[in-house]
Amino acid sequence: MPVTSPSTDADLECVQLVKRFGDFTAVDDVSFTIAEGSFFSILGPSGCGKTTLLRMIAGFQRPDGGDIRIKGKSIVALPPNRRPVNMVFQHLALFPMMTVEQNIAYGLKRRKASRAEIARKVAAVLERVGLPELAGKRIDQLSGGQKQRIAIARCLVLEPALLLLDEPLGALDLKLRERLKVELKELQAQVGTTFAYITHDQSEALVMSDQVAVMDRGRFVQVGTPQQLYFEPRTAFVAGFVGDSNRWSGRVEDTNGTEAIVITTNGLTMIATRAGEPALSKGDAVDIFVRPEAIVLGRDADGAGGCENRLPGRVESLLFDGANSRVMVRHPATGGDIMVALPQTGELMGLRRGEDVYLGWRARQATCFAAAP
Amino acid sequence: MSTPPQIRLGLLLLFAPIVFWLALLVILPHVDMLLISLRVRVAPREYATSLANYAEFFTEPLYWNTFARTAIMSVTATVMTLLIAFPVSYYIAKMVRGRSKTFLFLLCLTPFWVSELVRTFGWMILLRETGIVSSLLLWSGLTDARVELLYNDAAIMVGLVYTSMLFMVVPLVTTLDSLDDSLVEAGYDLGGNSFTVMRHIVIPHAMPGIASGSIVVFMLTLGNYLTPKLLGGKDSLWFTDQIYTQFITRFNWELGSAFGFLLLVLSSAIVWIGLKLSGQTLSATVR
Amino acid sequence: MQRGTQNGMVALIAVAVLVAGMGTTRAETLRLLTWGGYAPDEVVEMFEAETGIDVEVTKSNNEDMISKLRATGGSGFDLAQPSQDRVASAQVDHDIYKPMDLSKIDEDQIVTSMLQSTNDKTEVDGKVYSVPHVWGTSGLIVNTKLASGIKDYTDLCGPNLEDKVSYRLKRPTLIGFAFAMGMDPFAAYENPATYEAILAKVEEALIACKKNVKAYWTGGDALIALLRSGEAVAAMGWDAGGWKLNSENPDIVYIAPTSGALGWIDTFTLPRKTENEEAAYKWINFVMRPEVAAKITAAAGNFTASKGSEKFVEEKLQKQFAQSFNPVTLGEIKWYPPVPPGLEVMEGKVLDRIQAAKTN
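Here the protein sequences line up with chains A, B and C, keeping their order.
Numbers 1 to 373, taken from the numbering used here, label the letters of the first sequence in order.
Numbers 1001 to 1287, taken from the numbering used here, label the letters of the second sequence in order.
Numbers 2001 to 2360, taken from the numbering used here, label the letters of the third sequence in order.
Heads up, some of the hints might be wrong.
In silico lysine-lysine, DSS-like type, Cα no more than 25 Å apart, as pairs [to be verified]:
#: 1; chain 1: C; residue 1: K2319; chain 2: C; residue 2: K2307
#: 2; chain 1: B; residue 1: K1229; chain 2: C; residue 2: K2358
#: 3; chain 1: B; residue 1: K1234; chain 2: C; residue 2: K2319
#: 4; chain 1: C; residue 1: K2319; chain 2: B; residue 2: K1229
#: 5; chain 1: C; residue 1: K2319; chain 2: C; residue 2: K2104
#: 6; chain 1: C; residue 1: K2211; chain 2: B; residue 2: K1234
It should be emphasised that the hints constitute simulated quantities derived from the structure, not laboratory data.
Bear in mind the structure is a predicted one, so any value in this text is a computation, not a measurement.
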């Protein structure tokens, strides 16, 4: 990844950040830029170093190398309380010994704001997050979603250059999480503050972010828009981590450079398109990824017409989930299961378990990567 | 919903020892003591009911002053114990992890492996004029004559604080342990410095521990007998010593009982005032 | 919590429960409530070998003995050893003792004058309650190398002794100072007004003397530590402690004050609910044998009322005794008369005020 030079429209720049714990390198030479007013997510499995990275930006951990700049100025030497950055903690860290109002006023008081100014700003931010009636409530009287918004309000009232969010939805139940994803995105758009959001949930990252960085073993694997990550993953890790995929391992039988004929370990022959570097050659071990929605499903062989890859199968199970319904299809010859998105068109409405079907997908929708050594 | 009889019997048996213990060792003696305190000796083996013993306490400045002095010194000792124990507890609860935490905690416990008497004698050996501290000062040339560090109020204070340490450290470590690290980090993140984080986040969180530790230390100190007696000087007075004197050397059980009751009532009142002033409740401190 | 009151009450009940158990389980046991050194292991073993009676020794002091017996109404022990001046008043007030059957005592073993004196002083309503055992004096223990010219109690308050002396804040100090100031407190025992006037003067003297006091000692060990280390150069103390220190450091001597040493006699007295009176008499007659009494003298450091035991006492102690007393000073010993009820309350307040007074 190229080292970015200081620019003025970037809120945050991290340059070659390194953090080691003994022999373990938690953050390994990471550089990136977050544009002003954007929603930036760092997506990675637990232990990938994303929390360490965020804590270095917040100031709770000192980097072993590299620089962190906010609006062009290095903040590495500043203690957390003097950085123009605020953090929403994983468990929100609202102060239980204070009321909602006192929680929000805490930071303003530390800035020696006048009593009138504090009152005005607290009221304004409560209005903004839509909870003006909660001012006098104790923290333990709030619902999960309310706590969430108060925690954000507590930071926003300080008008930080950058708001850091450490998986703040992680502890909530699924339904609430779905709703808050949307709310959080709207809130960010409304206030215009730059958000840096870390999560291990790819759906959160995809729904909310302008830019997503996928992190693995201390490094950024790919940075891009959610669409780029989803449709043009550059590594097998990104392809596997972002969105659902059917995955096969195999060996290149023949290749013309961009397309390859691959024989998978369970004996299927597939035509796939190379993605990422380097170029493939015969005999290379590869991983092939095919999105469930890229697979065409038909009751007869004609349905998959025009697809380079075609397979017969039998419906193993139907996973009905409204718009997200899936069909698990078993390939009789190999016994392998393939996940297929169920089109919401009428013709496949009556599909039942045990029915014979035909599958097909285009070569360009089967991306293949050199297998990780 | 009614409780099945066998469970009721079980509960009864379960609580019988504690009820028995309370009745026999706490309630009965106190009732007896109350009755004794309400009588005065009129002639050999003849007693009359009277409040004279209580009146004696309020009219004789000596007793009243002794109590006031004891209470003030106990409060001072409590505050000093808190000031010393808080950083220690914070260090144990928040700064160290794993084995060293257990080790430090045990270290606080070690003085309690010997009896209070031995501990107090230890301080006497250290502080007396021909003792270790005085010898060290003389040897190092910091003083040109031996100094007497024993037999004064400062020595009492040292002994009391030392004896009370554990009773403050244990509740403080427990409450500070339960403080989520992210609250402290949030305190800094939102612009607080060490002082404001301590003042607005750590201390309010630790308040129940501070209150319960302080109550225990205050009560232990106020009721301490050996330490003030052995380390104290010729001017030192301690209320429990006064009670002991009334009971044992003066054979004046009546006045001694009255003093005992007054100690109970007045110390409870001081604790109550302390709780009110700090905005705590007793139920919160025992939680 | 309230340690003082707990001590009082919990101890009482604990003692009562313990005692009830002990009494029923072992019949041939002598439960002795005595002073440290008065029942050395060697003597107990000899007695057990001779009589087959087990001896359980509880070490105590005057006040503690009275408190323990008062708490149980005189049960829990078979034989006690209070000082003779404390027997009559305790009996009058609390009824904790049982009259002695003198016919069971081998009177020939006891120095006649002492037996007579003790019998007289412990008589209540025509009944005798005690026979003498160990006697001793309190006087001055002086480190002659570090302090000079100390002849009487009042000399402790002399110049150049600031923070250098020690005494107890107890009644013997009041009595000793009264004598040294030329008054006779014992003569005033029956006249509270005179006694109060004497106490007022003593109080004034002792408050003035406070600047010389290093610490008020509370136990024999504390006193010995103060004098041994040289932190205190002169003190009011017991003869036995003085002689013990003298054996370690010849510069420290026990002297009888010019106004007279204060003499005390510890007795044998039966608690009211003694359960083994026979064993008690056996013990008395056993320990008053001259050769046994000498062993007790060796252990306690004090002489006994046993006739002819001196010749069994080791020479060093006899020498120390001779150094401290001559026939004249021996004759001047002021023996404590029985304390009338009420005086101790008066004395208690004086002692409290002395303690509370600020050192000037």
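Evaluated hints:
A C-alpha spacing of about 19 Å is found between C/K2319 and C/K2307, which places the hinted pair at or below 25 Å, so the restraint holds. Restraint check for B/K1229 and C/K2358: satisfied, since their Cα atoms lie roughly 17 Å apart, inside the 25 Å limit. Restraint check for B/K1234 and C/K2319: the C-alpha separation of about 35 Å exceeds 25 Å, so the hint is violated. Proximity of C/K2319 to B/K1229 is assessed by CA-CA distance (about 37 Å); at most 25 Å being required, the pair is judged violated.
With a CA separation close to 35 Å, the supplied pair C/K2319 and C/K2104 exceeds the 25 Å bound. For the proposed pair C/K2211 and B/K1234, the alpha carbon gap of about 9 Å is at most 25 Å, so the pair holds.
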